[in-house]
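Number of protein chains: 2
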Amino acid sequence: PIYFVPLKIYRHNVSVYVCVLYRNAPPQSKFFSIKCSPNVHYKITPQARDRNADSYPLTPNAVLIVTMDAVSKTANDSKLSVRYFGEKTEALGDALLHLTAVEISLDVDADRDGIVEKNNPNKGSWKWGPNGHGAILLVNCDSETTNKKTLDSEVEEIRKVSDLQDMSKMILRTNGPAELPEGYKLTMHISQTTSENVRVFRPRTNNNAFWSLYSVTYELNFVPYLGGKTELEFFVEGLRFPDKDFDGLITINLSLLEPCGKGFPETPVFTDKVVFHISPWIMTPNTLKPVEVYVCSTDDNHSFLKSIRNLVEKCGYKLKICYEYMNRGDRWMQDELEFGYIDSPHHQFPVVLDSPRDGDLQDFPYESILGPDFGYVTRHALNEEVSSLDSFGNLEVSPPVTVNGKSYPLGRIIIGVAFPTATSGRNMTQVVQDFLWAQKVQAPIALYSDWLVVGHVDEFMTFVPAPDRKKFRLLLASPDAGYKVFKSLQNNGHGNAEMFSGLPEAISVNEILSDKKLQAGNRYVQNCIDWNRDVLKKELGLDDEDIIDLPILFQVLEEKKGARAVAYYPDMVNMIVLGDQLGIPKPFGPKVNGRCALETEVRSLLEPLGLKCTFIDDFAPYHKLLGEVHCGSNVLREASPFKWWNLEL
Amino acid sequence: PIYFVPLKIYRHNVSVYVCVLYRNAPPQSKFFSIKCSPNVHYKITPQARDRNADSYPLTPNAVLIVTMDAVSKTANDSKLSVRYFGEKTEALGDALLHLTAVEISLDVDADRDGIVEKNNPNKGSWKWGPNGHGAILLVNCDSETTNKKTLDSEVEEIRKVSDLQDMSKMILRTNGPAELPEGYKLTMHISQTTSENVRVFRPRTNNNAFWSLYSVTYELNFVPYLGGKTELEFFVEGLRFPDKDFDGLITINLSLLEPCGKGFPETPVFTDKVVFHISPWIMTPNTLKPVEVYVCSTDDNHSFLKSIRNLVEKCGYKLKICYEYMNRGDRWMQDELEFGYIDSPHHQFPVVLDSPRDGDLQDFPYESILGPDFGYVTRHALNEEVSSLDSFGNLEVSPPVTVNGKSYPLGRIIIGVAFPTATSGRNMTQVVQDFLWAQKVQAPIALYSDWLVVGHVDEFMTFVPAPDRKKFRLLLASPDAGYKVFKSLQNNGHGNAEMFSGLPEAISVNEILSDKKLQAGNRYVQNCIDWNRDVLKKELGLDDEDIIDLPILFQVLEEKKGARAVAYYPDMVNMIVLGDQLGIPKPFGPKVNGRCALETEVRSLLEPLGLKCTFIDDFAPYHKLLGEVHCGSNVLREASPFKWWNLEL
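Each protein sequence line maps, in turn, to chains A and B. Under full-length UniProt numbering, the first residue of the first sequence is numbered 1, with each subsequent residue one higher. Under full-length UniProt numbering, the first residue of the second sequence is numbered 1, with each subsequent residue one higher.
Calculated from the structure, these hints are not laboratory results. A couple of the hints might just be wrong.
The list treats identical chains as one, so a pair stands whether inside a single copy or across any two.
Said to hold, decoys possible - As a list, the in silico DSS-like pairs of lysine-lysine whose alpha-carbon atoms are at most 30 Å apart:
no. : residue 1 : residue 2
1   : K470      : K273
2   : K30       : K487
3   : K440      : K470
4   : K643      : K127
Turn these sequences into a full structure, and let the hints steer you where they fit.
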């Protein structure tokens, strides 16, 4: 009798089949012998001592390992038979294996060099770091079309071949007979959860110039087996950024299904697996090279716009103006959006994060920025009111730092929240915080910004490039440093010199220094900034020498919900940083020998670092509305040369 | 003039105060000198070269580091003054520091020895492993009361001192003057998110025998400063197990607040931080020592119950019977609940996980198991129907294994799901899967169990202890092994021997072997089990020698949703494992010389491992209702001696 033995196909270099010999043996079998086609090889474990040259004792744990040294030319072209014996030499029966060797490999760029290599042994897992491995996927969050825009990830089919560049290539390589044994099928499958995060496309089988959707959902997707030595190309796109409930990992499986007879489902005999990590959204610190400056045109900022245009043209960067039909008078370009980018070995493009703030500028990121190779992502607040702390003047990122030996080559995200000890207070909405934390590569730091009326971290801090030390300085607003300038003026006989000279707000140095309430408020403000200074020193690994205190006074207003601060004169730390060129709010400080003492002090602090200061008058159209140059502008910057997947997490 | 310098208190061994000298210097200051009380010490950085013995040049980055070698006796009892000079020797002004040194330390058992040590340098972070650190918290999920039960974590106040043993002790150690300087306060605070996961209690200040709630919510909680050298005890309880949206880490902060003058909020000058990790819920494999066996009494299982009682009494374990008023005829004790435990250095107790299955046994876990030092946790399915795969016969755990060098000393959780390639199928509900994955210490493995009508992994696999190899064997149901027994009987002239002899279902060996449909079904079943065998070998690092195939046949039923299998005769792998004693469903196999051939075969496979087989008749009350001994019982086991926090994750 021929006992049934199921055919199985495994992939190794060629194929390996494992068979528990005892299971299919006829009763009373004590020994067995083996015969096979010349291209078939076998091994018996545990190593069996042979009774004679041709047969081996049958033990309950005897396992036969079968390999083939080449793929099959036709289905079932190779055979292996096991002959079972009792104590006597007469055969009790044979078990016959029909063997078909097929090479099957689902391949991705697991070594991150931009090329899909063949059967990388690490393709089924993902590891961070320069010695890491695992393929990378982009969220297809740009729009190939510029009119009637939709995010590409929301479009049912691929309309332009250029869209394929935003996707990761995946290749199914097969090598074997013209056809698989009857009833065998290839199928691609992903989990239901994964199907919300990824789509897989493949070319139409007819030679149409367009691409039609091949979406791998939770359903079975049979993949054709083309026979011989073939490569089938797929394109994979990410649908969602990493978030609180999604670690960014995507697994795609390819199985060879075996028929089990009529009325029974097929069962997989071999599964290959690839893993992708979706690129996080990455912010760009002030130390990266600018590409384009964004600013609003309003009916009252003509001369401000001219100053910005001069500065940007001098530096040789592009300028993008958002006109009134779009901004509807909302000038806070910093607050409505944050520029970042996504990156993979094969492609990279900028992505704008749209703030849940949604002022009158709310349509600008989607309508005017989203486009080919310029992505868009947003988050909406859940069941909570959006506060001023949700504006992205309250979202910054540090230059690269190393903290107690731990390196952050992409810097760390900085946000402002309520004080940890506060009974109540405003916070950045949780969904945005969750999104930022989930990106992982720029581990966020929470500062205390709720002490300010507007409540943005860019009101008291910024980073500028520097030639020495950590290649940057942290600039902090400092009332102490401000009072020092004013006291020095008084001591040197300039007590009558006027702040805001020529403006209705004009006030003398002596008057400022005699205002006890202003002084008390600034002591409080200095305390608040000092707390942030301590946090920044600790979390960014800074020394006092890495920090420069800029002379800025605040005034504390009595609000319903307690005392909160605004800048007393234009807040110079709220500057635009374009390489070594700084566009600083003009402070309108007291003049000594025709020169503003505050500007002189700031120049003396920054120019030794090779920085060039341009003071820009933003008094009427920005400062009086509680913002400054930085609040009114935004800068698209080049991506960091550091690749996020090389991080050691 | 005396310039204002805020008092600051930092903690190191004693106290360290850092002062930016330049900020508060009078204008034109070029040099400074320092005087201080004898217990005050200072250092200037960067190291200043002195102009003469007494004074130093004032540079913009000069920082003064002040320490004290003992805590203060009274507030502001120590002083340090900075005298500033210009080019001449006449002083321009003094800055005076009023210093109060206080030791403040919020302490926990960060070294995991059951004792709250003093100011562990690692208390503010958490690290896995034998060289790790960080305190541990239990979810207070038991109930100190047995009537009118509520989870302790849902009770507003502590009613029994014994409840404190379920909590982690936290001590605030302070050492300083009788009173803090005026306006200074201590406050404990946690984030809003954390407040959903933890509560902190402290004793009532009057000498009441009871404890009242001291709940640290998102609100400010001022903590009294008692003066001198004091220890204030707190008790911390966890409220939630780790889950998809909660990594199990809890941070508690204690801050010293400084007054900022009338009308301004206080600001923290020093914050101490402790971190806890909540104990995961841990399952107990068959290889752990049993404590108590749970089984239902129904109107039709009297003789089954007697067999179980005999077996349990022989082994010397406890037996708990769930009577009909509670089980309402639902006999599937395995399916309604799973026993596990939570563990910390100071305390450990069992916790029952209540299945979302919610059959007629649904009240049993809460009503009859929850109690003092016996916790309770459950998860409810979200917007999906509960399926048979949600029963906990479909939730098992392996003994300790090592896989490719990675060790799982607590074993790995095993659940059954739909086939990865299936177009549709039943799964364990996502919230339970999420809960199991989030526990982290027993990384789950998903098997394919949807090929069974009932769909539980315990229908085709179990683990038994063994003296050799990995200290256990995996037992798998095997139709191939079943057919081998029947063919052997036929070959030896027992073809007319009857299965189910004396029962209406009686059928001869010859009849069974001639049933082609049964044979086709069992080929399919063997394929399904072989797939699981491959997964188990890979994920548990097993060799074929670690697996024993038990002779069990299935039959495949045509259901609306496709072909699914049930055991053809009592499914012997569905056994109860009590140390080396096995309670195995009596298979009613064909008899040879008065002995059941199937029992004989199973004994010959298991007795060499030192296991004792008791075959229990479960035919009418269990097998015919599609379950067996294991489905109808549950075993509370001792906790593993391995401590989960010593895992290297």
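Here is how each hint holds up against the structure:
1. K470 to K273: between (43 Å within a copy, 29 Å between copies)
2. K30 to K487: between (105 Å within a copy, 15 Å between copies)
3. K440 to K470: within (22 Å within a copy, 39 Å between copies)
4. K643 to K127: So K643 and K127 pass the 30 Å test inside a copy (14 Å) and across (28 Å) alike.
Violated hints are absent here; each numbered hint is respected by the structure.
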